[in-house]
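Engineer: Using the sequences and the accompanying hints, generate a full structural model.
Residue numbers (our numbering), protein chains in the order written: chain X, 1 to 452; chain F, 1 to 452.
Careful: at least some of the hints might be erroneous.
Note that identical chains are pooled: a pair holds if it fits in a single copy or bridges any two copies.
Here are the computed lysine to any residue pairs in the SDA-like style, where the Cα-Cα straight-line distance is at most 25 Å [unchecked claim]:
(1) Lys61 x Asp23
(2) Lys220 x Glu69
(3) Lys61 x Glu228
(4) Lys61 x Arg26
(5) Lys61 x Arg229
(6) Lys220 x Val66
(7) Lys61 x Glu78
Think of the hints as simulated: they come from the structure by calculation, not from any bench.
2 protein chains.
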Amino acid sequence: MDPIDLRDPAEAARLIDQFLDDDDLRGAAELVAAMPPWLVVDVLERAGARERAVLFRLLSKDAAHVAFEALDPPLQSELIRDLHADRVGQIFAGLDPDDRAGLVDELPAHVATRLLRALSEDEQALTETVLGYPTGSVGRRMTPEFVTTHPGTTAAETLDRVARRIDEVETIYALPVTDDQRRLVGIVGLRAVMRADPDTLISELMNEAVTARARDSAEKAARRVADERLIVLPIVDDETRLVGILTFDDALQVLEDAESEDVARQGGAEPLRRPYLSTPVRSLFRSRIVWLLVLALGAALTVQVLEVFESTLEEVVALSLFVPLIIGTGGNTGNQAATTVTRALALGDVRPSDALRVLVQEVRTGFTLGLVLGGCGFGLAGLVYGFDLGLVIGATLLSLCTIAATVGGLMPLLARSVRADPAVFSNPFITTFVDATGLVVYFLIARTVLGL
Amino acid sequence: MDPIDLRDPAEAARLIDQFLDDDDLRGAAELVAAMPPWLVVDVLERAGARERAVLFRLLSKDAAHVAFEALDPPLQSELIRDLHADRVGQIFAGLDPDDRAGLVDELPAHVATRLLRALSEDEQALTETVLGYPTGSVGRRMTPEFVTTHPGTTAAETLDRVARRIDEVETIYALPVTDDQRRLVGIVGLRAVMRADPDTLISELMNEAVTARARDSAEKAARRVADERLIVLPIVDDETRLVGILTFDDALQVLEDAESEDVARQGGAEPLRRPYLSTPVRSLFRSRIVWLLVLALGAALTVQVLEVFESTLEEVVALSLFVPLIIGTGGNTGNQAATTVTRALALGDVRPSDALRVLVQEVRTGFTLGLVLGGCGFGLAGLVYGFDLGLVIGATLLSLCTIAATVGGLMPLLARSVRADPAVFSNPFITTFVDATGLVVYFLIARTVLGL
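Structural biologist: Okay, structure coming up:
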């Protein structure tokens, strides 16, 4: 068979389906062997559970290792269920300690224990170091294997040391510098070492290291890596002893997961734990139903509010025509502010201590938006339904935009300052809150203006 | 003064404000000199324009270069307006060609031309290479300076070559391999070169390179870097000749910008071009008003729909009580689906060609969600307002959830397949669309069930 240059995973998946339907496992194996590793991963992610297990068995040993490492832990765990015990043992031993820890969290306890026991003592110890830190901490995502150097060593000696350990470690491009007590005293890039005169001491080449503590949140540490464009972030314990490193590639994975989480929560759903197409409907359902029920409960508040003003509604039915417009605009204004501030928090541009500055920004912005929208509302509704109603609509939009922008901007800060995820007070939550508030404001203004 | 270990930029900014208020420029300069570079950047980003210019002048030459490079182009452009011409020339010459291109886009044309003319011929040529590609392409974000090697070279010769050029280039950790026509034939990691026997030929060490074309979108290329955890992505022209490299740190910046954009659009606003706190109210206003007006125009549709059903509303005023609940739930369901699929698109988990699979997933998920919510609605509304109304609410929620999830899931795919940003059909847009649809469904069901 010609090595096919496939770029479209859907096309690749279709071809493989065809081979499997024809029971042509050899054809499928040849096709898989010809595919670049990223395409193999893509096809595995998009396949159903059974097809995935069949495909995985067709991979060469090396390709299987690479592909397994790239899958999300829930998919890894599913695969393990379908594979032979000795194959599983090999794959498990071939993982990096941090990836192994991620998988252990997914596996049934008895499977995890059996696999851990089968590891060499060294590998067991490394895995346990990582497993010793709480889920969500950077200790769980760090690599406990690294090359260090010493401030009193020369550049030439350091290069020798790197050459000796080059096969064992995940990266050699940035070297933590530790003292005799294993305390971190700095960091030096391989480039600086290679560039220097061979006799230069590391103490003259090293820089102050940006670090994180092993119990710090993985997201915060990863954000640091991204912000400072680090290749390696040294991770220390409470006595500043070096316990691991977070490499930029692991940091990218952490950030990708964190961003998927933020985006999902802002859309009012729990994040998915695996790629969308391989997520069963029951998991999609579960990721959404709780939020929808909570939000519907909140929306029941709007029914109450409207009931209170039912007599007003009966008197001026035209008021009910504008209910969706009013609450929709309030919700949109609140969302805009909430999204902007949540993102600024995530990027570290804003902190909870900036609440006053955010308040001022949002009150002013909301008021300006309200002036424009309220002006339009007054004019248009006034022309069609009379200027009494126009005044009600205009005044409501002006007040509501100001309130919504302010509440939307401050909610994420409030969440952060009580150490909750800012996305917990997500856009749909703010929308629901603003809906109820908006209705109260609307009917109070209506009663006053229309003299009801 | 003691070197202060400041970790809180707000506190640092307060202290600096105090020095500036007291006209104690020396005190401020000492404080700034004691701050780590990331804190300096943070403080500059949070300062007002005038304070920023004063602070910037207090920095040492090196610190000024580092800080300037880290600022967003709009802030860089503002600073340049306030600085002396020769200082500006120095800073401009010190930037990497890709950063320089980003700044040129921000500057008034006559300033940009003057600055470009003052560069050395080499630097001018490099900058022009980058400026020759369209805005938003990876050609604009790549580094045109790199070390390459040749398949026929040995590992030892390659290390020599790296040593000779180590001072000039942005990274040495991954080396593109080119043939005699400068065509890219592979890539080799510095680690592989260091690890190999000195006489090994590069052709034995190199791997097939993941590449991007210079005219490809920067986001797509950066996503590739993140997905494959690359340190360097070689960029080629249409004849696969190497024209530049995208380093992982530049890729991170591209992704951060792209994600800020997605998040903002999903929240119904244009992305900000600078950090939130240094964004003036008029820019916040501008980033939001167009969306709000467009969405309000869409919401005017709901007024029309309600007008059509005004007689029904007059007959059964209780129907109006549930309007916010119905449209809110429909909007939330649509948002969830849209957010999930938009994220899956961004991560490459879903492609427009998967529309059928997405349709099936979302119809099933939406229907299941509708069953649960509709069931609750039927029971609760039935108990309080009678089972006729309960049936109306239940049936509406069931239909609406199914419609909303389907529309929400397919919209991002539709956008992508017409080559628009999926976030253009953002959550607020879907909400507005679902609002109008939901009202029509609601009143049609009400008329049928209640026999109006």
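Engineer: Against this structure, judge whether each hint is valid.
Structural biologist: Verification of the hints:
no.	hint	result
1	Lys61 x Asp23	within (22 Å within a copy, 69 Å between copies)
2	Lys220 x Glu69	both (24 Å within a copy, 23 Å between copies)
3	Lys61 x Glu228	between (37 Å within a copy, 20 Å between copies)
4	Lys61 x Arg26	within (16 Å within a copy, 65 Å between copies)
5	Lys61 x Arg229	between (34 Å within a copy, 21 Å between copies)
6	Lys220 x Val66	between (28 Å within a copy, 23 Å between copies)
7	Lys61 x Glu78	within (19 Å within a copy, 56 Å between copies)
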